[in-house]
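These protein sequence lines are chains Z and A, in that order. Per this note's numbering, the first sequence runs over residues 18 to 208. Per this note's numbering, the second sequence runs over residues 18 to 208.
Among the clues, some could well be false.
Copies of the same chain are indistinguishable here, so a pair counts whether it falls within one copy or spans any two.
Taking lysine to any residue pairs in the SDA-like style, the calculated list, with each CA pair at most 25 Å apart, reads [stated by the list, open to error]:
no., residue 1, residue 2
1, K71, R22
2, K46, E138
3, K183, V162
4, K183, T89
5, K71, F188
6, K183, R123
7, K109, I26
8, K27, S164
9, K104, E196
10, K71, L184
11, K71, N199
12, K27, P157
13, K183, M161
14, K46, D195
15, K109, Q207
16, K109, L23
17, K183, Q207
18, K109, D36
19, K183, S116
20, K27, L115
21, K46, E163
22, K183, L115
23, K183, E152
24, K71, C206
25, K46, N98
26, K46, G83
It is worth saying that the hints were derived from the structure and are not from the lab.
Number of protein chains: 2
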Amino acid sequence: MTPERLARIKQVLNTRQPDLRVLTDQVHKPRNLSAIIRSCDAFGLANMHVVWPKEGFRAFRKTAGGSFHWVTTHTHPTMDNAVTELKAQGHKLYAAQLSDRAVDFREVDYTVPCTIIMGNEVDGVNPVTAEQADEHIVIPMMGMVESLNVSSACSIILSEAQRQRKLAGMFDQRRMPDEEYNRLLFCWCQP
Amino acid sequence: MTPERLARIKQVLNTRQPDLRVLTDQVHKPRNLSAIIRSCDAFGLANMHVVWPKEGFRAFRKTAGGSFHWVTTHTHPTMDNAVTELKAQGHKLYAAQLSDRAVDFREVDYTVPCTIIMGNEVDGVNPVTAEQADEHIVIPMMGMVESLNVSSACSIILSEAQRQRKLAGMFDQRRMPDEEYNRLLFCWCQP
Ligand SMILES: C[S@@+](CC[C@H](N)C(=O)[O-])C[C@H]1O[C@@H](n2cnc3c(N)ncnc32)[C@H](O)[C@@H]1O
Ligand SMILES: C[S@@+](CC[C@H](N)C(=O)[O-])C[C@H]1O[C@@H](n2cnc3c(N)ncnc32)[C@H](O)[C@@H]1O
Numbered sequence: 018m019t020p021e022r023l024a025r026i027k028q029v030l031n032t033r034q035p036d037l038r039v040l041t042d043q044v045h046k047p048r049n050l051s052a053i054i055r056s057c058d059a060f061g062l063a064n065m066h067v068v069w070p071k072e073g074f075r076a077f078r079k080t081a082g083g084s085f086h087w088v089t090t091h092t093h094p095t096m097d098n099a100v101t102e103l104k105a106q107g108h109k110l111y112a113a114q115l116s117d118r119a120v121d122f123r124e125v126d127y128t129v130p131c132t133i134i135m136g137n138e139v140d141g142v143n144p145v146t147a148e149q150a151d152e153h154i155v156i157p158m159m160g161m162v163e164s165l166n167v168s169s170a171c172s173i174i175l176s177e178a179q180r181q182r183k184l185a186g187m188f189d190q191r192r193m194p195d196e197e198y199n200r201l202l203f204c205w206c207q208p
Numbered sequence: 018m019t020p021e022r023l024a025r026i027k028q029v030l031n032t033r034q035p036d037l038r039v040l041t042d043q044v045h046k047p048r049n050l051s052a053i054i055r056s057c058d059a060f061g062l063a064n065m066h067v068v069w070p071k072e073g074f075r076a077f078r079k080t081a082g083g084s085f086h087w088v089t090t091h092t093h094p095t096m097d098n099a100v101t102e103l104k105a106q107g108h109k110l111y112a113a114q115l116s117d118r119a120v121d122f123r124e125v126d127y128t129v130p131c132t133i134i135m136g137n138e139v140d141g142v143n144p145v146t147a148e149q150a151d152e153h154i155v156i157p158m159m160g161m162v163e164s165l166n167v168s169s170a171c172s173i174i175l176s177e178a179q180r181q182r183k184l185a186g187m188f189d190q191r192r193m194p195d196e197e198y199n200r201l202l203f204c205w206c207q208p
């Protein structure tokens with residue numbers, strides 16, 4: 018471990034946002050999950066929540082490559098379980114969902130504790146979870162195809178969340194609790 | 018062809034932006050190219066320019082699925098050829114490139130005729146083309162991984178371009194020349 022590497026690790030941990038999260042509802046293509054987790058890392062997220070598709074999921078760890086190491090992945094047995102846990106932590110739930118009640122993704126506030134819910138490649142966010150979400154958000158589209166790729170959509174939303182949090186000065190001082198900071202510092206420094 | 022379908026096709030053609038383009042420099046994963054072309058469609062682009070990787074490229078048409086139909090793909094033998102053609106059309110060239118001269122992607126003007134150049138998954142935009150670009154643009158990152166997935170990066174940039182063009186009223190009246198409008202209307206109405 019070079020001093021530069023250690024400094025970089027500390028710098029990244031100092032900007033991590035424990036209260037901005039992504040939850041995927043049975044997103045099933047490994048490449049989509051990898052791209053999502055890579056964007057989570059790039060935009061300062063420390064945690065991602067996953068409900069695996071019913072068919073199960075094996076290929077993920079391999080294809081996620083590097084980023085898997087830098088974002089803690091929490092697996093939930095059901096969406097209900099994930100939603101209950103995140104609501105208990107005081108999170109607003111923003112479902113990326115192409116519905117009638119959806120608002121422009123730039124109009125919601127990402128500086129509050131919040132979780133962005135991304136839907137399955139075919140079915141979107143399931144109706145029960147969609148009902149429980151505080152807001153539905155949508156990226157305006159003007160083409161023939163009905164939706165964006167799920168990882169593209171997630172990256173666009175996270176980039177806006179990062180913009181808002183930067184404006185609000187939320188990257189300027191460490192926001193991660195000491196205990197988690199120390200645990201991650203230890204993990205990330207392992208060869 | 019239902020009247021609703023025809024109305025939708027016309028509406029999409031009416032918002033197409035002939036002078037906003039994407040050029041990929043040997044992007045080689047079919048799934049990345051598909052996600053890029055899907056975002057081009059969603060954000061109102063009518064044209065994409067491609068320099069295939071040296072190994073050649075066969076899988077693309079198949080995996081791009083729907084979107085391939087809605088965005089005209091121009092193939093160039095070399096990046097030099099593509100750059101010359103786009104410069105001759107008066108385009109600013111914005112290379113998405115992680116370099117010292119890169120500026121925040123939100124700082125450049127996407128309302129002028131312009132082309133966004135996306136680099137290869139491993140090597141980025143080649144040095145000669147990077148040198149020829151008017152600007153290098155970068156999406157700010159604060160994680161451990163060195164870059165975003167190329168299709169995520171492209172989607173984020175196009176979403177900003179769309180935002181700027183919407184603000185400027187560029188989606189409010191048809192911008193595509195009659196001849197191309199009529200040609201595409203005919204093509205898109207084929208079963
Ligand atoms: C391929 S889409 C699924 C589309 C599905 N047929 C539907 O109508 O919900 C996969 C996921 O990507 C996200 N997504 C795609 N395009 C989006 C957009 N324009 N705005 C917000 N989220 C989007 C949503 O989370 C969606 O559930
Ligand atoms: C995986 S990256 C290639 C990284 C390559 N090692 C480099 O340093 O150029 C593939 C392409 O995605 C785009 N890209 C990835 N992250 C980006 C970012 N943060 N800002 C702008 N473009 C990015 C660039 O066009 C890049 O060439």
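Verification of the supplied hints:
{"no.": "1", "hint": "K71 x R22", "verdict": "neither (39 Å within a copy, 35 Å between copies)"}
{"no.": "2", "hint": "K46 x E138", "verdict": "both (8 Å within a copy, 19 Å between copies)"}
{"no.": "3", "hint": "K183 x V162", "verdict": "between (32 Å within a copy, 19 Å between copies)"}
{"no.": "4", "hint": "K183 x T89", "verdict": "within (22 Å within a copy, 37 Å between copies)"}
{"no.": "5", "hint": "K71 x F188", "verdict": "neither (37 Å within a copy, 42 Å between copies)"}
{"no.": "6", "hint": "K183 x R123", "verdict": "both (14 Å within a copy, 14 Å between copies)"}
{"no.": "7", "hint": "K109 x I26", "verdict": "neither (29 Å within a copy, 37 Å between copies)"}
{"no.": "8", "hint": "K27 x S164", "verdict": "between (38 Å within a copy, 19 Å between copies)"}
{"no.": "9", "hint": "K104 x E196", "verdict": "within (22 Å within a copy, 55 Å between copies)"}
{"no.": "10", "hint": "K71 x L184", "verdict": "neither (40 Å within a copy, 43 Å between copies)"}
{"no.": "11", "hint": "K71 x N199", "verdict": "neither (35 Å within a copy, 46 Å between copies)"}
{"no.": "12", "hint": "K27 x P157", "verdict": "between (37 Å within a copy, 18 Å between copies)"}
{"no.": "13", "hint": "K183 x M161", "verdict": "between (34 Å within a copy, 18 Å between copies)"}
{"no.": "14", "hint": "K46 x D195", "verdict": "neither (35 Å within a copy, 41 Å between copies)"}
{"no.": "15", "hint": "K109 x Q207", "verdict": "neither (34 Å within a copy, 45 Å between copies)"}
{"no.": "16", "hint": "K109 x L23", "verdict": "neither (34 Å within a copy, 40 Å between copies)"}
{"no.": "17", "hint": "K183 x Q207", "verdict": "neither (30 Å within a copy, 48 Å between copies)"}
{"no.": "18", "hint": "K109 x D36", "verdict": "within (10 Å within a copy, 39 Å between copies)"}
{"no.": "19", "hint": "K183 x S116", "verdict": "between (29 Å within a copy, 22 Å between copies)"}
{"no.": "20", "hint": "K27 x L115", "verdict": "between (38 Å within a copy, 22 Å between copies)"}
{"no.": "21", "hint": "K46 x E163", "verdict": "both (19 Å within a copy, 23 Å between copies)"}
{"no.": "22", "hint": "K183 x L115", "verdict": "between (27 Å within a copy, 20 Å between copies)"}
{"no.": "23", "hint": "K183 x E152", "verdict": "both (22 Å within a copy, 24 Å between copies)"}
{"no.": "24", "hint": "K71 x C206", "verdict": "neither (35 Å within a copy, 39 Å between copies)"}
{"no.": "25", "hint": "K46 x N98", "verdict": "within (22 Å within a copy, 36 Å between copies)"}
{"no.": "26", "hint": "K46 x G83", "verdict": "both (17 Å within a copy, 18 Å between copies)"}
When held up to the earlier numbered hints, the structure conflicts with 1, 5, 7, 10, 11, 14, 15, 16, 17 and 24 and fits the remainder.
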